[in-house]
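Below are the chains, spelled out letter by letter.
There are 2 protein chains.
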Amino acid sequence: MTRIDLDYCEALDAGDPLAGFRERFALPGDVIYLDGNSLGALPKAALDRVTGVIGKEWGESLIRGWTAHHWIDLPRRLGDKIGRLTGAEPGEVLVGDSTSVNLFKLMAAALRLRPERRVILSERSNFPTDLYIAEGLIDLTGNRHELRLVDGAEITDAIDAETALVFLTHVNYRTGAMHDMGEITAQAHQAGALMLWDLAHSAGAVPVDLNGCDADFAVGCGYKYLNGGPGAPAFLFAASRHHAGLRPALSGWMGHAAPFAFEPGYRPASGLERMLTGTPAVISLAALEAGVDLMLEADSALLRAKSKALGRLFAELMAQRCAGHGFRLASPSDEAARGSQICFSHEHGYPIMQALITRGVIGDFRAPDILRFGFAPLYVRHADIWHAVDHLRAIMESGEWDRPEFHKRASVT
Amino acid sequence: MTRIDLDYCEALDAGDPLAGFRERFALPGDVIYLDGNSLGALPKAALDRVTGVIGKEWGESLIRGWTAHHWIDLPRRLGDKIGRLTGAEPGEVLVGDSTSVNLFKLMAAALRLRPERRVILSERSNFPTDLYIAEGLIDLTGNRHELRLVDGAEITDAIDAETALVFLTHVNYRTGAMHDMGEITAQAHQAGALMLWDLAHSAGAVPVDLNGCDADFAVGCGYKYLNGGPGAPAFLFAASRHHAGLRPALSGWMGHAAPFAFEPGYRPASGLERMLTGTPAVISLAALEAGVDLMLEADSALLRAKSKALGRLFAELMAQRCAGHGFRLASPSDEAARGSQICFSHEHGYPIMQALITRGVIGDFRAPDILRFGFAPLYVRHADIWHAVDHLRAIMESGEWDRPEFHKRASVT
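Those protein sequence lines, which keep their order, are chains A and B. Counting from 1, one number per residue, gives the positions in the first sequence under this note's numbering. Counting from 1001, one number per residue, gives the positions in the second sequence under this note's numbering.
By construction, these hints were calculated from the structure, which means they are not laboratory data. Some hints here could point you the wrong way.
[To be verified] Keeping only pairs whose Cα atoms sit at most 30 Å apart, straight-line, the calculated BS3-like set for lysine-lysine is:
| # | chain 1 | residue 1 | chain 2 | residue 2 |
| --- | --- | --- | --- | --- |
| 1 | A | Lys-56 | B | Lys-1044 |
| 2 | B | Lys-1056 | A | Lys-408 |
| 3 | B | Lys-1308 | A | Lys-44 |
| 4 | B | Lys-1408 | A | Lys-44 |
| 5 | A | Lys-408 | A | Lys-44 |
| 6 | B | Lys-1044 | B | Lys-1308 |
| 7 | B | Lys-1044 | B | Lys-1056 |
| 8 | A | Lys-56 | B | Lys-1408 |
| 9 | A | Lys-56 | A | Lys-44 |
| 10 | A | Lys-44 | B | Lys-1044 |
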């Protein structure tokens, strides 16, 4: 293809139908932010929304806020909104707790729907917390199940009559490789297994159609592409056909059929509400709602098209401008099989990323050698991609990456 | 005693050494708030703190906030502060998740420390979610345990060689009756059982000395007397002698020995951090920190003295001004055995409370017939108690409570 320059990138921005969304975010002027897959940027509306919830709703209504401001409905109301982004019907998504806790809730419930089966199947490179949660559940329930881990490409072959549950992250956190949700779910069902998807790196970035692919369960993260803020509440999905059969393991009062009757014995709520546990985290939920509302304004086909275009542009610029510096594409080269990120491996990946961050280009590093760049289509510009690769080229050509301070490992990356 | 009047109450306020704390809260002018045991009031500092975390920390630092603003340390840092309020050492308290989820974590871990014992003992009138969580855990782990419920007064007699865990709420949510933590914990230990305390209605209101009474485990709530906001994160305590033996059931990545190494297998962190699960809810934690910081400024002996004085005043005014209207004290008459609330039963309790709330006196109603009044000593004045009972007297004498609109039941109370 022809040589890309900054003018070309700026022309793409000028024609970008999503360009107007960028000003809805509070982004620092000195930063090119390619880490929205780790922590999304701040929607300007979030600050007003949270200020209102704290100052007006909590401050003035106090306990009356639970009804006056419908706090009590937040997990479901916000769940229905996330359902619109992920192909779920109203009542099939709830928001609250962390992704890890929601995984525990759904895995525990799913295994009890297949009591005669003993295998939980996932891929070795799944996000670690997903695997840890399965380990903990198996250990707690007496080691009656086996966590079987295979390579991503071998998943469908590994599903068999012993498989109770297959659980996978749709878009791999390190490589960006994206599974075919429809195909794997169908294979799981064909073998009589249930399917749980982790949408942490999908919701808000790539199209997801939970009911279209007949998924049984899903979880997802509020603080990545949904821009809900650091440690935002997570969400869980269960297809309505399963609701009546779900036995909640974390059976707290908010999942009771009559939470405010204060009955001594647990009776599950009739619908998915039974999967609620403690009191809704109103302030965090409000911040997340601002992010989700903004995402709902965007056309999902345009989001995906831009996400692909940004990834393609990054790959092409790397080929044109950083060839010979030792970077190897660690994501699928087929953009249809890639989420909204692109990754390169490099033996000096850690110091290179530190040098980039020091220049204001924020991606992240994942062990052992992955440089990860995420493309949040609501606020990343084509020109940002140009500048990011331009900085990377400068860092490599000058040897700047090899400065001693860039080799120091931080405890959190 | 002599007849109490408003002047007398105002004189008590004038001499109150904690009086200055009231202006640190944003309280609506037209309300007498006696429901801080359900949702605490808004500390003015919380709004600034959260605005800073969102606007400056999240907005400007983005992903770098985890280290730059020490977000990653929040569960432990805030835990240490709550530890100072509850008699725990640094490293023995963590903040995050909900009270219900924390109960699940600790109960699951506790039962595994007493594998040969099958009874979990509590009182029938414990807060329902505590009982529900035990039910869910027992059901999940194959019904190998029995949840045995007795009356509060029979607890120590019911502890025996089969008892794995005793779990109680220190201050009863409905009656305000307060257990003797030291005595019951000693009885549990004498029988070889472990002791878990729910401090939901204690932390920030009555003195708690977890290590002084040799407690094994505890949980507590952030949104009541700690003034952390609606649905604030909860906390958990485990005595340091247990840390190395705790097997986390909700074994998420934040409890891993090296969360950012992304190892495929779970290895618990060395200390209590192993009980962390998902990503810390930074915005909610920041709001709670403002409440806890404010509480730490107050002398705990003064807090308890004022809390008792407010309860005593309420009881005396009820005797002097509302006698003959059918109210019966539903709390212990001995103020040393009462938490920071006082309750009365009345056959028309529900409409009476609605009438009070309509007049701006906010307490709450708990089925079947309890009117509950909480006294947050940081912001409730003696004059508030006068006015509250004065309104109650007016409502009873005029028959105002019997208006049809006050009999309508709301779904949330």
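Hints versus structure:
no., hint, result
1, Lys-56/A - Lys-1044/B, "12 Å, holds"
2, Lys-1056/B - Lys-408/A, "26 Å, holds"
3, Lys-1308/B - Lys-44/A, "46 Å, violated"
4, Lys-1408/B - Lys-44/A, "40 Å, violated"
5, Lys-408/A - Lys-44/A, "34 Å, violated"
6, Lys-1044/B - Lys-1308/B, "26 Å, holds"
7, Lys-1044/B - Lys-1056/B, "18 Å, holds"
8, Lys-56/A - Lys-1408/B, "26 Å, holds"
9, Lys-56/A - Lys-44/A, "18 Å, holds"
10, Lys-44/A - Lys-1044/B, "22 Å, holds"
Hints 3, 4, 5 from the list above are not met by this structure, while the remaining hints are.
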